[in-house]
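Enquirer: Could you put together the complete structure from these sequences and hints?
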Amino acid sequence: MFLKTSNAVITVVAGVGVAVAVYWILNKIAELLPGHWEDRIKPYLYILPAYAAITLYLIYPSILTFKYSFQDSTSTEWVGFDNFTKLLSSHEFQQTLINTLLWMIIVPIFTVAIGLAVAVLSDRLGPRGENVSKTLIFMPMAISMVGAATVWRFLYAYRPEGQEQIGLQNALVVLLGGKPVPWLQQDQFHLNSLLLMVMLLWAQIGFAMVLLSAAIKGVPVDTLEAARIDGAGERQIFFRVVVPQIKGTIITVFVTTLITVMKIFDIVYVMTNGNFNTNILGVEFYNQLFTNFNNGAAAAIVVMLMVAMIPIMIYQVRNFKAEEAA
Amino acid sequence: MRVHKRGVKALTAVAAMALGVSGLAACGGGGSSSNDKTVEIWMSVDQPVFDGLKKDMTAKAKDAGITLKMSKVTDINSLIMTKIQANDAPDIALIPQPGVVANIVKRNKAIALDDVVGDKVKSNMLPGALEAGTIDGKLYGLLSSANVKSLVFYNKKAWDKAGYKAPTSIAELDALTQKIKDDGHVPWCMGIESDTATGWPATDWFEELVMKYGGADKYNEWVTHKIPFDDPLVKQAGEEFEKLVLTDGNHIGDGKTIASTGFGDAENSMWKSDPGCWLFKQGSFITAFFPEDVVKNFATDVGVFGFPSANAGEKAPVLGGGDLAVLLNDSDAAKTGMKLLAESDTGNSAAANGSSYLSPHKDFDSSLYTNPVIKVSDQVVKNGSELLFDGSDQMPGEVGAGSFWKQVTSWITGQQDLDATLKNIEDSWPTS
Chain A
1 MFLKTSNAVI TVVAGVGVAV AVYWILNKIA ELLPGHWEDR IKPYLYILPA
51 YAAITLYLIY PSILTFKYSF QDSTSTEWVG FDNFTKLLSS HEFQQTLINT
101 LLWMIIVPIF TVAIGLAVAV LSDRLGPRGE NVSKTLIFMP MAISMVGAAT
151 VWRFLYAYRP EGQEQIGLQN ALVVLLGGKP VPWLQQDQFH LNSLLLMVML
201 LWAQIGFAMV LLSAAIKGVP VDTLEAARID GAGERQIFFR VVVPQIKGTI
251 ITVFVTTLIT VMKIFDIVYV MTNGNFNTNI LGVEFYNQLF TNFNNGAAAA
301 IVVMLMVAMI PIMIYQVRNF KAEEAA
Chain B
327 MRVHKRGVKA LTAVAAMALG VSGLAACGGG GSSSNDKTVE IWMSVDQPVF
377 DGLKKDMTAK AKDAGITLKM SKVTDINSLI MTKIQANDAP DIALIPQPGV
427 VANIVKRNKA IALDDVVGDK VKSNMLPGAL EAGTIDGKLY GLLSSANVKS
477 LVFYNKKAWD KAGYKAPTSI AELDALTQKI KDDGHVPWCM GIESDTATGW
527 PATDWFEELV MKYGGADKYN EWVTHKIPFD DPLVKQAGEE FEKLVLTDGN
577 HIGDGKTIAS TGFGDAENSM WKSDPGCWLF KQGSFITAFF PEDVVKNFAT
627 DVGVFGFPSA NAGEKAPVLG GGDLAVLLND SDAAKTGMKL LAESDTGNSA
677 AANGSSYLSP HKDFDSSLYT NPVIKVSDQV VKNGSELLFD GSDQMPGEVG
727 AGSFWKQVTS WITGQQDLDA TLKNIEDSWP TS
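These protein sequence lines map, in sequence, to chains A and B.
At position 36 of the first sequence (counting the first as 1) the number is 36 in the working numbering, and the numbers step up by one without a gap.
At position 387 of the second sequence (counting the first as 1) the number is 713 in the working numbering, and the numbers step up by one without a gap.
Do not take every clue at face value.
[What the hints assert, rightly or not] To give a feel for the contact side, a few chain A residues facing chain B, derived at Cβ under 8 Å:
no. : residue
1   : 71
2   : 74
3   : 78
4   : 158
5   : 185
6   : 188
7   : 273
8   : 275
9   : 291
[Claimed, not checked] So these bits of chain A aren't anywhere near chain B, every CB distance computed over 12 Å:
no. : residue
10  : 59
11  : 180
12  : 211
13  : 274
14  : 279
15  : 297
16  : 323
FYI, nobody ran anything at the bench for these hints, they're computed from the structure.
Here the structure is a predicted model, which is why all the values come from computation and not from measurement.
We treat Cβ as the ideally placed atom computed from N, Cα and C, and that holds for glycine.
Expert: Written out as structure tokens, the structure reads:
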């Protein structure tokens, strides 16, 4: 234990020391340059290690993944588009795509809508009520998704008819005289997928609420007063005055949630592992890589996700720039 | 003001970068400091089995002059592949899935054991125990701790009162099931829910019936895909499973109940004085999931018989599994460690401490077993023709840990019929 701790301390100290030395040397090099060249070159020298890190940790793995997606399961032979055609032509993968798409549509919309509603309504409460309700709604954010799954299992748990129900939902159903329902297996209208989405909503709404609430509080009061004097109703004020002024925040929340959803893995993995027609891309990727040891198929899934994510990222970055300019 | 702000930004950037670089340095310093005499062994066996093996191995390692580093790890199947790809693997790993062993061999990271352990050890293994670890004629995975899955548990008190008898053929098992049903009871306890591995208990049923109907050769051909997955033999097995267990009234609830009942919870209601279900087919390890008071009164409360052969009096293969020791480093110390692990008496302590350890060696002293289920398992194996390794564990991951589980689950929950299920699994078999 002592050895481990001292090792850690030494590496951290040495690491920081080396980093400082690197910047000091880069700075010295820049200072050696004549006059205005020093000012021109210096920023680039400072940003160089950051670029190097991004290249090493982000760009290089991306290129490698791209390459793997055209190779076989052990990444030794080229197979062309085989990985993609095999995946896309399988009925189950198509279902996986449909499920993922459902997640991408439903979760961000509801996160924004409910988050906005909570933000507006809690704004109307007294300071104490506002704090309490916001804290309660924000709390799930502090729980890891795997931990949340443990909680939610007790909501959806199912025992055969006649045995004691340990799940809250089924206990209610039985209390009202119904038959217990295996909730996570109800795939008509993707009900089970929707039940899993509720879990993410539960965890994400706090985040949306905090950002949107701050934005709403930032709306200048004089614009609201002006609208009131002009005779606008509360609904009109909300949709015509408040919403346009917090549009930027709404888009940011929407896009961040969308990106979270595209990467979602833990909820589905822990609750159903993609069984009963609840599979999504994140879980399929994991299973391809760690159950099937199929590097090719796993990389192909990541490439598809990356391609789908690029336009969203571009939109997000543009949105940020527009915000900053405004 | 502006200048000051930039200064702060630059400082933050430097600090952030410094941390990043130090993170890198920490990674570089993480290598193991093993010397030539240290042997690192990883396994994922139950804690009591681990304790027993560790005790014997530690004593032997001392005499052999090697330093032992034995660790119990979780999720060894995916962990070991990651470690192998990172060139950071232990010297020896005990892997429960032959499919994973095959994957290691495919990547040329395993060392053949034939010359390491020698013919004496090999000929001393239980019949069938070498097949699962043999790839292209060479032994890569040596069975080190076995388990038996061809067991049927029952509530002894209730059973004796009702006057039921253990069947000796599948026809008799059919008759017994019918009799229990006619007596107004539910014959089978069945649950296939197992978190991310949901479905596996049902695949055991297929394997059991395929080997009982088709014999060892046909079974091995099916497992290695020399005959298609949807061969008539497999269909016969599926239909028998459906008739015995999946028929309405032969189990609690409906198909969806089976799919949402934990494999370890399925037998919960069996121990009541008026059992909720009467027969429970599971592996020797399942006793860990039995209620505490049942385990305490094991001898009086729990009955167990071996799954019957197709015809009475026939010596049939027995379904089992276990952990295969794979050598990942060809140093002399690692080979010594492997040899010690392969000795019959390395399991003595594990057998004596009441764990679920079952020795794969013929000359192991059966009187050492203290766990009653293991005693029965030992008998079942010795009365059978050979011990055959769990088929789904031997199949490629796509099938054995993927489509087989998932498709059978879909079948049981009524999303598709048996023919479609078998065909989907056949289609999912990887081409290379």
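Enquirer: Of all the hints numbered above, which does this structure not satisfy? Sort the numbers upward.
Expert: 1, 3, 6, 11, 13, 14 and 15
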